[in-house]
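Engineer: On the provided structure of chain A, position chain B as indicated by the hints.
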Amino acid sequence: MSEVTSLIKNLAEKYGKNREALMPILQAIVEKNHYLSEEVMKEIAETLDLSAAQVFGTATFYSFLDTEPKGKYVIRVCKSIIAEMKGKKEIIKTLEKTLKIKVGETTPDRFFSLLETNDIGWSDQEPSMLINDIPYTNLTPEKVINIITEYRSK
Amino acid sequence: MSSINLKKTDVIFGLCQECQVPQRYPVLAEVIKKDPRDIIDEIVDSGLRGRGGAGFPTGLKLKFTAVQADPEKYVLCNADEGEPGTFKDREILLKVPGKVFGGMAICAHVLKAKKGYVYLRGEYKFMLPELNKVLDDFHKTIKNLGYDFHIEFLMGSGAYVCGEETSLMESMEGKRGEPRNKPPFPVVEGFRNKPTMISNVETYVNITMIQKYGVDTFCKMGTQDSRGSKVFSVSGDTPIPGVYELELGMKLSDFVEEYGDGDTKAVQVGGASGFCVPRRKFEETIIGFEGIPTGGSMMLFNSSRSMYNVLSNYLDFFAEESCGQCTPCRVGCQQLVKGIKAVKNGEKEPEYLDVLLKLTDSMKLTAKCGLGQSVANSFSTIVSNFKEEMIY
Numbered sequence: 001m002s003e004v005t006s007l008i009k010n011l012a013e014k015y016g017k018n019r020e021a022l023m024p025i026l027q028a029i030v031e032k033n034h035y036l037s038e039e040v041m042k043e044i045a046e047t048l049d050l051s052a053a054q055v056f057g058t059a060t061f062y063s064f065l066d067t068e069p070k071g072k073y074v075i076r077v078c079k080s081i082i083a084e085m086k087g088k089k090e091i092i093k094t095l096e097k098t099l100k101i102k103v104g105e106t107t108p109d110r111f112f113s114l115l116e117t118n119d120i121g122w123s124d125q126e127p128s129m130l131i132n133d134i135p136y137t138n139l140t141p142e143k144v145i146n147i148i149t150e151y152r153s154k
Numbered sequence: 001m002s003s004i005n006l007k008k009t010d011v012i013f014g015l016c017q018e019c020q021v022p023q024r025y026p027v028l029a030e031v032i033k034k035d036p037r038d039i040i041d042e043i044v045d046s047g048l049r050g051r052g053g054a055g056f057p058t059g060l061k062l063k064f065t066a067v068q069a070d071p072e073k074y075v076l077c078n079a080d081e082g083e084p085g086t087f088k089d090r091e092i093l094l095k096v097p098g099k100v101f102g103g104m105a106i107c108a109h110v111l112k113a114k115k116g117y118v119y120l121r122g123e124y125k126f127m128l129p130e131l132n133k134v135l136d137d138f139h140k141t142i143k144n145l146g147y148d149f150h151i152e153f154l155m156g157s158g159a160y161v162c163g164e165e166t167s168l169m170e171s172m173e174g175k176r177g178e179p180r181n182k183p184p185f186p187v188v189e190g191f192r193n194k195p196t197m198i199s200n201v202e203t204y205v206n207i208t209m210i211q212k213y214g215v216d217t218f219c220k221m222g223t224q225d226s227r228g229s230k231v232f233s234v235s236g237d238t239p240i241p242g243v244y245e246l247e248l249g250m251k252l253s254d255f256v257e258e259y260g261d262g263d264t265k266a267v268q269v270g271g272a273s274g275f276c277v278p279r280r281k282f283e284e285t286i287i288g289f290e291g292i293p294t295g296g297s298m299m300l301f302n303s304s305r306s307m308y309n310v311l312s313n314y315l316d317f318f319a320e321e322s323c324g325q326c327t328p329c330r331v332g333c334q335q336l337v338k339g340i341k342a343v344k345n346g347e348k349e350p351e352y353l354d355v356l357l358k359l360t361d362s363m364k365l366t367a368k369c370g371l372g373q374s375v376a377n378s379f380s381t382i383v384s385n386f387k388e389e390m391i392y
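Just so you know, the protein sequences line up as chains A and B, in that order.
Note that my numbering has the first sequence beginning at 1, numbered continuously upward.
Note that my numbering has the second sequence beginning at 1, numbered continuously upward.
With the rest of the complex left out, here is chain B:
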């Protein structure tokens, strides 16, 4: 059944195919003539927010990096797409890599940065030969346009936490991918302790498209708080798994009507670190920054699925991927794994779930990075909405 309320778009993949033609890159020819301050203003005015999940306003990030006095600045693209249920950056890099490189070059023009890096997850190494071919042509073209900017690929090696921007930089510097303390934020001290603009793959495509079509066109899509469109990774109990681009600010019920199998019991919005929404809340839940923000992972579960298995799988994932640096996350994740098993097996009373909920509250407050802080999201929303399934 197709939902009439869902607004499908095709900005990321469809529009401006010429932005993909290596010998042209028409946007970049225009951009280099522009005053960097105007570009910053446009990105700020567009209301674009980071597409990796955290949703920081991209224009402000660019502005904060630009105002730093240090002339050595870097542009990084976070292609360490590791959130369970996410695969949209894979499709973007396979289909429209030129738009990603373009967005990076636009930022480089603003920042007068000479070097950019794409940190690509090890799992996507198979794409590298093709991506480097596109990149070679890209370099030739932008050099002719007058850019002095060079992009390089660096590979990850199977560590989820490296998607956290500061651990990504640690990894690029040859170290263990352990998150740094913030502040200082990357805009002040990032890669090599220099001012660094780091954004998600999809965010850079949006920067290209805003420069190509203008702020007004971008602002026509989405809602007040969630401008533009978003690429969603749809998986699980759906007849049509895949990558879909939709305007932000939709109701979850409309989404489920379109992508569900008619028996959707819950949707996990934003991956293992996101939120679980049960059927009775589909109608009132908005997908976007005014409701539940997401990096795009949408996992659908129907009535045949045990939400205990879902939670248990997520917790095993966090316990494995925790970098172990801070105690709340390292010990917390292990205790949660043990705790829900003990309740399920009857070794602990059901009330023990409340103790575990308190533990996730502490983790939210005290863990050093987003990994440990966000375990509470899935834990509390699954446990509170499917309590019986956790016990019996």
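Isolated chain A (complex conformation):
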């Protein structure tokens, strides 16, 4: 059994084999593999007895369920109007310079992906960003550089 097949099998045991299990399964795979490949989605469809289109339809609807390969650490910078007012641009510039990639890209070592996202619920502490699930707030360029250095040494 391939690694993916056994992963899906385990998840189906944990969450069940009905359609309601689909979101938790997709979320768990993104957490582990950092994206959903076509192969994975087809395999989930088979396991849950859904059409591949149903799985693909659900997966592509949600912005956090990536269907393109992403880095181990996905950085999502908040782009709300409040974030913009509080210096989001500087944060993006710093990240682009530090990671040597543009927004939307992934580093060649597949360690970081840099994205922008809509309001993440920290308007009282902008600028802010998520790295995978962890929020970082009240960002400054210096703080961002330190955070990235910390992640690089992980």
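Calculated directly from the structure, the hints in this document are not laboratory data.
There may be inaccurate statements among the hints.
Claimed, not checked - Here are the simulated DSS-like pairs of lysine-lysine, each with C-alpha atoms no more than 27 Å apart in a straight line:
#	chain 1	residue 1	chain 2	residue 2
1	B	K33	B	K112
2	A	K100	A	K154
3	A	K32	B	K33
4	A	K14	B	K33
5	B	K140	A	K14
6	B	K338	A	K89
7	A	K102	A	K143
Values in this document were obtained by computation on a predicted structure and should not be read as measured data.
Structural biologist: Same frame as chain A, now just chain B:
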């Protein structure tokens, strides 16, 4: 400067700390002895309205769910707090999650529901380990009190529209988060097509507090149409951004006096889907159901800000988050984004703004859900009050 007219309260976070102690939950021990009909009457009498933004009377929602014949009912908590400028549910879940679970259990007792779900936005996943710990203790305690009710967390994955109650249910069922047609309303056919009580995080805390302190205490706060207090998320050009609990029915001028930086030009009340109030209307604007209702998002802008940038940011947001299911919203949002750019760049005459205003009117009438319908709110209030900024 502190406004003397602003009535600060501390019901949600401060009162009844023992409601938070997992081994006790004193309110729930009392509630289980009560006749569900009395609880419904109390919530109706309190005048509590949903705290997510739409403001539907909570007691009626509970009553409508309770009268459904189907014995399989669900209690859902909408924790998909995605409205730009809102973060009060984050604080409530971080500080007083027990009061949220308590409110859900009270509704479960009324409805004889066995299962409850909290749909938590993906952006708040970092809270999950702590919340599940509190929930474990909660389950043990209420089981001892005689409740047969179990709550589970389900996660969102970054889709604003899932805050709309029917798309939230679609999402919980493993589908694309596209809103359903209403009717049937969730009280009749909700999650798994069963009668479902769905409310905002803060609303459930209010249910707990009404059961703890009684209807009269709750009714003493706020105004005739806007009973109780409200948790506000204050952000933007303010020296003190954060979460504040205030009695409803205040004047916006009093709010600005307290939270503004002395140079407030406009306040966006209720997030991107809410209304923009310019300085000259602060005095006459009431925050509450008799004036401008809000889920709590209050974004302040001072004279240095371009209202064109504000509107443009909101429209980009809507265009991205539109689920694409209905044409008025899908195409409408894209045309608005293009339209204001064209006017700003001089490619279109200023009169074109009137055409765009008509478009938002159509969206209000024809879009399927609250997302598409409410684009008109910010668009019309920003364009009409700051027309020069849209053109020059």
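Engineer: Look at each hint and say if it fits the structure.
Structural biologist: These are the hints, each one checked on the structure:
Proposed proximity of K33/B and K112/B is supported: the alpha carbons are some 13 Å apart, at most 27 Å. Distance hint between K100/A and K154/A is fulfilled; the C-alpha atoms sit about 19 Å from each other, no more than 27 Å. Of the supplied pair hints, the one linking K32/A and K33/B is violated, its CA atoms being roughly 47 Å apart against a limit of 27 Å. The suggested pairing of K14/A with K33/B is violated, with an alpha-carbon distance near 37 Å, which exceeds 27 Å.
Our distance criterion of 27 Å between C-alpha atoms is met by K140/B and K14/A, whose separation comes to about 23 Å. For the hint linking K338/B to K89/A, the alpha-carbon distance of about 22 Å falls within 27 Å, and the restraint holds. Simply put, K102/A and K143/A have alpha-carbon atoms about 19 Å apart, close enough for the 27 Å limit, and the pair holds.
The structure fails to meet hints 3 and 4 from the earlier list, while all remaining hints are met.
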